[in-house]
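Asks: Okay, here's what each chain looks like letter by letter:
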Amino acid sequence: MKSLIQKLVETPGPSGFEYAIRDVIHEAIGEHADEIRVDALGSLIARKGTKTEQGLRVMISAHIDEIGLMVTHVDEHGFVRFTNIGGISPLTCYGGRVVFMDGTRGVIGLDGIERDKMPSLTDMFIDVGATSKADCPVKVGDVCGFERPFLDLGKRMVAKSLDDRVAAAVAVEALKRLGSTPHEVHFVFSTQEEVGLRGATTAAYGVDPDVGFAVDVTRSGDTPRSNPKMATALGAGPAIKVRDSSFIADPRLVDWMVQSAQAAGIPYQMEVLEAGGTDGRAIQLTRGGVPAGCVSIACRYIHSPSEMVDSDDVENAVRLLVKLLSEPIRLT
Amino acid sequence: MTKKIELSAGQVPEIGASQIELLEKLCNATGVSGDEHEVRQIVLEEIKLVADDVKVDALGNVLATRFGRGEQRVRVMLAAHMDEIGFMIVKKHEDALFEFVRVGGIDERQLPGKPVLVGREGLPGVIGAKPIHMTTAKERQNKIEQSALRIDLGPEIGEKVKPGDRATFATRFAITGPSIRAKALDDRLGVATLIELLKHVPAGIDLLAAFTVQEEVGLRGARVAAYAFDPDMAVAVDATPAYDLPHWDEDDENDRYNTRLDAGPAIYVMDRATIPDQRLVTWLQETAQDAGIPCQLRQPGGGGTDAGAIHKVRGGIPSVSVSVPIRYAHTAVNLARLDDWANTLRLLHTALGRITPDLLAVERRGR
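Those sequence lines, one after another, are chains A and B.
Mapped onto our numbering, the consecutive letters of the first sequence carry residue numbers 630 to 961.
Mapped onto our numbering, the consecutive letters of the second sequence carry residue numbers 374 to 740.
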């Protein structure tokens, strides 16, 4: 599974430009799905199983987009100005390396660093090694993602865009391992989550599920000065979301998820996320409303080029997801 | 991706005296978000003889359909918003001075000293300002808060005004050389463009024209219009700021202009509300190139158009936006070029004529 995660995090796919990463997902799923389609916003939707008497139509959503940058202007000396795609802090930009969708590479520069002042993105520029506008290989509207190799630290792994590629890997692996299921499960690899849950919004409408789960990363509260109210920690198991700032998980589902994890002896932790949203909201609010929950993976340094997760959490998230999808879903 | 057909197919609409006259009528009409009645009446009158079907929906959108001929017609939604930014009266004070709020995004620094028209009757008022004679040097350095401003209607006329009445800038339309100077070019330029396209629609598509309401307060009309039309694809036609002015510091290149006047229609690559479908961006760019129509890419960044609501409707609708560049957007006077408008109309007409089902047959890809 680590090799899949590495492939996923090293493939660029900023929001709205998920075609390369979608191809990787498609290939990884291979023949394991009963049906695969791509919707109007570019989300890949893989169905497995058919609905039995005890089953439901279930949507699982993991987003395949990542934060990135888009070119706004190339100046006369060939320096490239840019804007953000999704939530990018200037703190993580200076000196960073980026790769454009066509493979062009560059570094992020900044003049006049002031000690006590946070620069803004408009102060920065991408230097692709051009000497003038004429020989600059990128143009307005071109898109790039951060470039940072996958780092295997044994128990922990580090990479850019583990948000949410690690969850995409979890969903792919769960789809593969899922044996008999009473449900018709639609694994949605959604687009444009980082700019407002857009892909999951239209995918949820299209799937029209009876119940849905997002799979995403969440903050971890176990770093030196982290928010003391954030109870999650790396290595403590997949997190069962109670709420985040975008939606409140269906309490019936939360209880059922906890009991299923306990019954299967899978470690888990509870998650209350005060700042952050997930595809769960898009699922919950589609059409006439859908019971929705979320399985999270605790992650450090989210939206930096070096996000960190725990390998056991990843494996246990797969186990939990397979367990949840293998049995009837209790909604009482 | 797009089938290369003869570019001259169909009658290409031009901007002439009657089109300018219509734009004048549209710009001088009042249509502050939530009460687009006056603009809607002009639209309904203009399209009644050309549209196959016309509805006014629950929110006040005009939904006009013109069916094409032939099989496998792509259902193309075009959206232009009828509403404009403006004001609403909230309270009457003594001496016919009215407290008001802004509707839509208006910089309060733009307000003092501007003449306005209030209510459906267009009653003349002015947003008063303290004369320079009475101000101190210190006062002149400060922004005047909108809450300190009043619309002055004077006695007699003031009797006819009540809270809830809307008001708009009193600017009248004018053609000045190659330019158009008016209020509400955002988005009456789009409305006028859609009317022309309805009159000259290429035969190969079903044209679903939505003249939308309440765009300026959150893309509200477009959302329900798109739900009702349920189109195969959509194009929002709007106006966008051009801040193509010389930089105040001559050593510094202006790198945040958004768009430029005289550079043709602005095709969107990203704004706050939409990351357009790249298939449609390419379709427009290729059309412009093949037909020799000037066009520009709008700098990605903030702002939003009806596409932001449309693309998320139902199972998702491939969408893109095209705007006419205008200077001084969301102020009392907008400035646009007739040529930019004419090229926007040409680009859209030509592009619509090239649509085949092949355009959407491939999955959403990048450039």
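Keep in mind that the hints are not guaranteed to be accurate.
[As the list claims (entries may be wrong)] Below, in silico cross-link-like pairs of lysine to any residue (SDA-like), each with a Cα-Cα straight-line distance of 20 Å or less:
#, chain 1, residue 1, chain 2, residue 2
1, A, K768, B, T655
2, A, K768, B, L417
3, A, K636, A, V728
[Unchecked claim] Quick list of simulated restraints, FRET-style, between CB atoms:
#, chain 1, residue 1, chain 2, residue 2, range
4, B, P504, A, E705, 15 to 25 Å
5, A, N856, B, K572, 54 to 64 Å
6, A, P748, B, P528, 37 to 47 Å
7, A, D740, B, A547, 43 to 53 Å
8, A, N856, B, K428, 32 to 42 Å
9, A, R854, B, R645, 48 to 58 Å
Worth flagging that the hints you see were computed from the coordinates, not collected in a lab.
All C-beta atoms in this analysis are idealised placements derived from N, C-alpha and C, irrespective of residue type, glycine included.
Asks: A separate judgement is required for each hint: does it hold in the structure or not?
Replies: Each hint tested on the structure:
1. K768(A) <-> T655(B): Holds - the C-alpha atoms of T655(B) and K768(A) are around 14 Å apart, at most 20 Å.
2. K768(A) <-> L417(B): violated (42 Å)
3. K636(A) <-> V728(A): holds (15 Å)
4. P504(B) <-> E705(A): 15 to 25 Å: Cβ of P504(B) to Cβ of E705(A): about 46 Å, so the range 15 to 25 Å is violated.
5. N856(A) <-> K572(B): 54 to 64 Å: holds (60 Å)
6. P748(A) <-> P528(B): 37 to 47 Å: violated (56 Å)
7. D740(A) <-> A547(B): 43 to 53 Å: holds (44 Å)
8. N856(A) <-> K428(B): 32 to 42 Å: At 52 Å between Cβs, range violated.
9. R854(A) <-> R645(B): 48 to 58 Å: violated (32 Å)
The earlier numbered hints that this structure contradicts are 2, 4, 6, 8, 9.
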